[in-house]
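J.: Protein chains in written order, with the working numbering: chain A, 1 to 291; chain B, 1 to 273.
Hints listed in this document are in silico derivations from the structure and should not be mistaken for laboratory results. You may find that some hints are simply not true.
Taking lysine-lysine and the DSSO-like style, the derived pairs with C-alpha atoms no more than 27 Å apart in a straight line are [claimed, not checked]:
{"id": "1", "chain 1": "B", "residue 1": "K102", "chain 2": "A", "residue 2": "K7"}
{"id": "2", "chain 1": "A", "residue 1": "K48", "chain 2": "A", "residue 2": "K36"}
{"id": "3", "chain 1": "B", "residue 1": "K105", "chain 2": "A", "residue 2": "K7"}
{"id": "4", "chain 1": "B", "residue 1": "K105", "chain 2": "A", "residue 2": "K36"}
{"id": "5", "chain 1": "A", "residue 1": "K36", "chain 2": "B", "residue 2": "K102"}
{"id": "6", "chain 1": "B", "residue 1": "K36", "chain 2": "B", "residue 2": "K60"}
Everything numeric in this text was worked out from a predicted model, so none of it was measured.
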Amino acid sequence: MSSSNRKSQFIALLYLVPGFTVYSLFTLWPIAMSIKLSMFSWNGLAEKQFVGFDNFIAIFGTQTFLRSFSVALILVPFYAIIPVALALFIVHSYRRTRSPLMPTYRVLVFLPQAMPTVAIVVPWLWIYSLNGPINGVLSVVGMRGIRRAWIGEFGTALPAIGVIASWMTLGFALVVMMSGINRIAVEYYEGVRVDGGNRLHELIHVTIPGLRQELAVLISINTVSALRSFDLVYMTTRGGPGTATLVPGIVIYRLAFQRGEFGTAAAMATLFSLFATVTAIVIWRAWSRGL
Amino acid sequence: MMSTSRDQWTTAILLVISSAIVLLPIAAMFPIALHKPGATVGLSLFPDTPSIDSFRVAWKLGGFGRSLYTSVVVSVLVTITVTSLSVLAGYGLIFVSTGLRKIIKIALVVGLVFPLEVSIVSLFVLVRDMGISDTLAALILPQVSLGLSFGVLLMYASIRSLPRSVFEVSELAGASSSQILRYVVTPMVTSAIVVLIVLQFLWTWNEFLIPLVLATDESLLTAPVGLSVFQGRRRTDLPSLTAAAVFVALPPVLLYLFGNRALTRRSITNLLD
Numbered sequence: 001m002s003s004s005n006r007k008s009q010f011i012a013l014l015y016l017v018p019g020f021t022v023y024s025l026f027t028l029w030p031i032a033m034s035i036k037l038s039m040f041s042w043n044g045l046a047e048k049q050f051v052g053f054d055n056f057i058a059i060f061g062t063q064t065f066l067r068s069f070s071v072a073l074i075l076v077p078f079y080a081i082i083p084v085a086l087a088l089f090i091v092h093s094y095r096r097t098r099s100p101l102m103p104t105y106r107v108l109v110f111l112p113q114a115m116p117t118v119a120i121v122v123p124w125l126w127i128y129s130l131n132g133p134i135n136g137v138l139s140v141v142g143m144r145g146i147r148r149a150w151i152g153e154f155g156t157a158l159p160a161i162g163v164i165a166s167w168m169t170l171g172f173a174l175v176v177m178m179s180g181i182n183r184i185a186v187e188y189y190e191g192v193r194v195d196g197g198n199r200l201h202e203l204i205h206v207t208i209p210g211l212r213q214e215l216a217v218l219i220s221i222n223t224v225s226a227l228r229s230f231d232l233v234y235m236t237t238r239g240g241p242g243t244a245t246l247v248p249g250i251v252i253y254r255l256a257f258q259r260g261e262f263g264t265a266a267a268m269a270t271l272f273s274l275f276a277t278v279t280a281i282v283i284w285r286a287w288s289r290g291l
Numbered sequence: 001m002m003s004t005s006r007d008q009w010t011t012a013i014l015l016v017i018s019s020a021i022v023l024l025p026i027a028a029m030f031p032i033a034l035h036k037p038g039a040t041v042g043l044s045l046f047p048d049t050p051s052i053d054s055f056r057v058a059w060k061l062g063g064f065g066r067s068l069y070t071s072v073v074v075s076v077l078v079t080i081t082v083t084s085l086s087v088l089a090g091y092g093l094i095f096v097s098t099g100l101r102k103i104i105k106i107a108l109v110v111g112l113v114f115p116l117e118v119s120i121v122s123l124f125v126l127v128r129d130m131g132i133s134d135t136l137a138a139l140i141l142p143q144v145s146l147g148l149s150f151g152v153l154l155m156y157a158s159i160r161s162l163p164r165s166v167f168e169v170s171e172l173a174g175a176s177s178s179q180i181l182r183y184v185v186t187p188m189v190t191s192a193i194v195v196l197i198v199l200q201f202l203w204t205w206n207e208f209l210i211p212l213v214l215a216t217d218e219s220l221l222t223a224p225v226g227l228s229v230f231q232g233r234r235r236t237d238l239p240s241l242t243a244a245a246v247f248v249a250l251p252p253v254l255l256y257l258f259g260n261r262a263l264t265r266r267s268i269t270n271l272l273d
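Please take these sequences and the hints and turn them into a complete structure.
T.: Here's what the structure looks like:
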């Protein structure tokens, strides 16, 4: 290596030092420490005690873990399937349209993504309230009997939160797919029509294959969002009533910051992150290879 | 062309319905907040006598003057830091050896893939042991770090896409690496920088878990955390809670609507330059 080359390498490193110092200290180090911490028993203050995989074994034995696991899985279709399917159906009908209103539309449906989750769930507290529009409609159609406080009852709280999640994700799915569908040449659709195909054929043979990348991204990102949901639940039910909406994020938060069981919290966090990451990669692979 | 005009009608109807689904709950926030504090918001949605008392109550009891100020300070500082560190590191990445570049990119992707839930437990311990609990630094540094994964990768990708000759010509002209960055590279990637600034500001403003855990002192609540605290205090006061939510959501919404226009205009001015 010539000396001028070595000098330019050194200068290049100088540009990286400030960013990488912060990043190592506040991202890489904590990740490593959390994984290490998951094998210790620690209340945050006293001496740490090495316990090996005991934290993980203990977690698997608790009702809370299994419950939060299943709550997270129930939320997955609300984040990753319902809004994506809806958006696919809607965007499919835009396939031949180059409306001048599209840019404005895109800005508007993306709006919820720009707002804090804790703020946009607030109107839903009204929508689900006893005097809200859902119960109102039920009264009008003569189904007064099933009126209720939707997020306050054990049986309906989780799907009610799921619907909010679907609503939050819909605009994101719409925008991602709209940019994808603009890439699909109109000739492909004409080809299907010439062969006597209908809308459904166009959807199956042109739109879905053409949007494969977008679908893979949306489904894997939204699955991870479902497993990680925290803000939404914290602001609406804080995990209740009972364990109805007890997502892993809330369990980890309570373990670490309310009960001071740092080791168990770290083990739980490690387990869920691993699960979320692996799930995302599997879905991504399955979509981009198969189909 | 019967089918085409029918298609266009379907499209128009779906455009209206889908944007209504997305926007109506947000739009409903204003009439809800115009009820008197503590009032029951019924089916009619619009109050008989609109009042701004709920906004007053939210502002006074929720301490939003202070928490909005904290959010502005934190978001501005995090955005400036992430953007400058990302430009520097993205530029530096162009020149390091291939092997080192690969390692650094993998390290950045780790931060992008690993959910914050893993590190938050240790982050809490780290911040405490550094003695910066309940300071602005505890809010800023972890969020800068969180933003760097995306920021550096974005800036690296935009700088790499510039033609090689840009660097060669500048070097021949005798420009130092910092001069090339300042006078040649940065002006050529302004659109990516604007995108990063807008996104990073929104992400920081909307972040909930980090400020919830790392800054619990009343004087350091960010606006979203302040909103959740206010909700705990006035559980049954939907109008005031909604008014508070409007305060918290308005700044990022304005930036988003403004930023969107800036983004499209930017591409036009780029052509004119």
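J.: A separate judgement is required for each hint: does it hold in the structure or not?
T.: Consistency of the hints with the structure:
A hinted pair counts as satisfied when its Cα atoms are at most 27 Å apart, and K102/B with K7/A qualifies at roughly 20 Å. Among the hinted pairs, K48/A with K36/A is consistent with the structure: their alpha-carbon atoms are about 11 Å apart, no more than 27 Å. With a CA separation close to 22 Å, the supplied pair K105/B and K7/A stays within the 27 Å bound. About 24 Å separates the Cα atoms of K105/B and K36/A, which keeps this hinted pair within 27 Å; it holds.
Restraint check for K36/A and K102/B: the C-alpha separation of about 25 Å stays at or below 27 Å, so the hint holds. The straight-line distance between the Cα atoms of K36/B and K60/B is roughly 15 Å, inside the 27 Å bound, and the hint therefore holds.
This entry satisfies every hint, going by the numbered hints stated previously.
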